[in-house]
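Residue strings, one per chain:
4 protein chains.
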Amino acid sequence: MTVSTQIRVRYAETDQMGVVYYANYLVWFELGRVEFLRALGFDYSRMETEEQCILPVVEASCRYRAPARYDDQIRIEAFPLLLRGSVLKFGYRILRESGDASTLLAEGETVHVVCDPSMQRRTLPESVTEKIRSAVAEHAATNK
Amino acid sequence: MTVSTQIRVRYAETDQMGVVYYANYLVWFELGRVEFLRALGFDYSRMETEEQCILPVVEASCRYRAPARYDDQIRIEAFPLLLRGSVLKFGYRILRESGDASTLLAEGETVHVVCDPSMQRRTLPESVTEKIRSAVAEHAATNK
Amino acid sequence: MTVSTQIRVRYAETDQMGVVYYANYLVWFELGRVEFLRALGFDYSRMETEEQCILPVVEASCRYRAPARYDDQIRIEAFPLLLRGSVLKFGYRILRESGDASTLLAEGETVHVVCDPSMQRRTLPESVTEKIRSAVAEHAATNK
Amino acid sequence: MTVSTQIRVRYAETDQMGVVYYANYLVWFELGRVEFLRALGFDYSRMETEEQCILPVVEASCRYRAPARYDDQIRIEAFPLLLRGSVLKFGYRILRESGDASTLLAEGETVHVVCDPSMQRRTLPESVTEKIRSAVAEHAATNK
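If you read the sequences in order, they're chains A, B, C and D. By my numbering, the letter at position 60 of the first sequence is numbered 60, and the numbering carries on one by one without gaps. By my numbering, the letter at position 109 of the second sequence is numbered 109, and the numbering carries on one by one without gaps. By my numbering, the letter at position 95 of the third sequence is numbered 95, and the numbering carries on one by one without gaps. By my numbering, the letter at position 57 of the fourth sequence is numbered 57, and the numbering carries on one by one without gaps.
Hints are computed from structural coordinates only; laboratory data are not their basis. There are no misleading hints in this set.
Derived lysine-lysine pairs resembling BS3-like cross-links, with alpha carbons at most 27 Å apart:
no., chain 1, residue 1, chain 2, residue 2
1, D, Lys89, A, Lys89
2, A, Lys144, A, Lys131
3, C, Lys89, B, Lys89
4, D, Lys131, D, Lys89
Same shape as in the complex, but just chain A (with noise of 0.2 Å):
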């Protein structure tokens, strides 16, 4: 199960050299997982607030493709890579639609390790935990 999300790039996201900052991926990453868990039936902000349930990250990388430009259609696609105990791992792919046509900007992976509000490592509540383990195995199923 991949989830998409569209955004446009922003200016103030651009910097001199006429592209997307480098370091917005990272918070592109971000909108992209927060809808794949809202896809799921979870709203991050209540997993927050009503299940004492955060999700620091503990690595994140990205591989740049092609530039972003201002006012480009951005896809956002976010899927869950692994789930194994407390730790979660998601992949990100950013492509640019043009018309038909759509191109790959970047690529990137983010590690989480579920925390309780004091930091302490715990696990998913379970509703979740399932549904990640059916699209962590769906999306290995169809990349295979």
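Fit chains B, C and D to the given chain A structure using the hints.
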């Protein structure tokens, strides 16, 4: 009393026009404001946690005179303009330093309402109040 | 004529007070401004490259009424307030949408000087001028 | 050769979890990279304009060890790991300074391809190349 803070323009702060994106001046105002409080002996991070005192912004304005560019050496001047009850107003000047010359790039103000963490109005701790009052009076006297 | 743009608050836009950092409202103003121009038929990215016409900000102000929070559904309203020679002024309203209710979170204005890429004053292309003039008149009439 | 840069965490860099938002570490990496080049005698803003030499990022990664918090005194260490043809790789360490103690908060790398302004691969100016080669050798020798 005016407190000066020195920074260098970051690449991330520029936009594709080749100048600093306009919202970033408000970030710089905040840096100046924090250093002003520190110069008075108050650590804003401790004011939040120990004094239960936060300074949400209710108004901000900026006049842009000349663009700041990547790697420019910037001086942020911050000074208090008014303290009346829970209302605190700061003024700012943003200057580019280049050898002996300095060029005014922007000027602005922010208005704050002193609040406790539940966002109820309160007054500043007495010790802060006195020092800010003197600084307001001094600024008014030197800028008549 | 008022143009509305919908966004969701990003995690990156919050600060440790648990609300949207105050400078980000100026980023949102810009999103509204760009969508306003697009609704008139003008693509700001093309105005920069094809029409040699940029809109640097010379003044910006914002009054903050209520805080925006993570994941809030935000509506940005943008409308032109004045066009006189090279000077163009926009107004903005930022609202939180929640079911049928909408809450005013912030209001503001930006003033721009129409410039060519070498930062010399110029006027807007004639076609843009006419449409903005009508929008200014319409806004003034409906907000008397 | 490792170059250290000191900054203080800005309020704008925190998020509602009360720690620095993860994308901002890539901004800090860039500050370290620029100061490293400056220490070698190269001004990145001049490299772009006078030497027609830009350093777009093709890969970035970060491992987060401990959170940075508002107002923390941060030391950014930057050092070159590799220079082969047009490919330049930097390493970074982000530390919190507190009195005599320093705590490792994050580590990372960025990979760059040296380009001219039309994004064609080129090599660094000869003078830069030599100095970076020495720095790479020295770093490798001291970190065996």
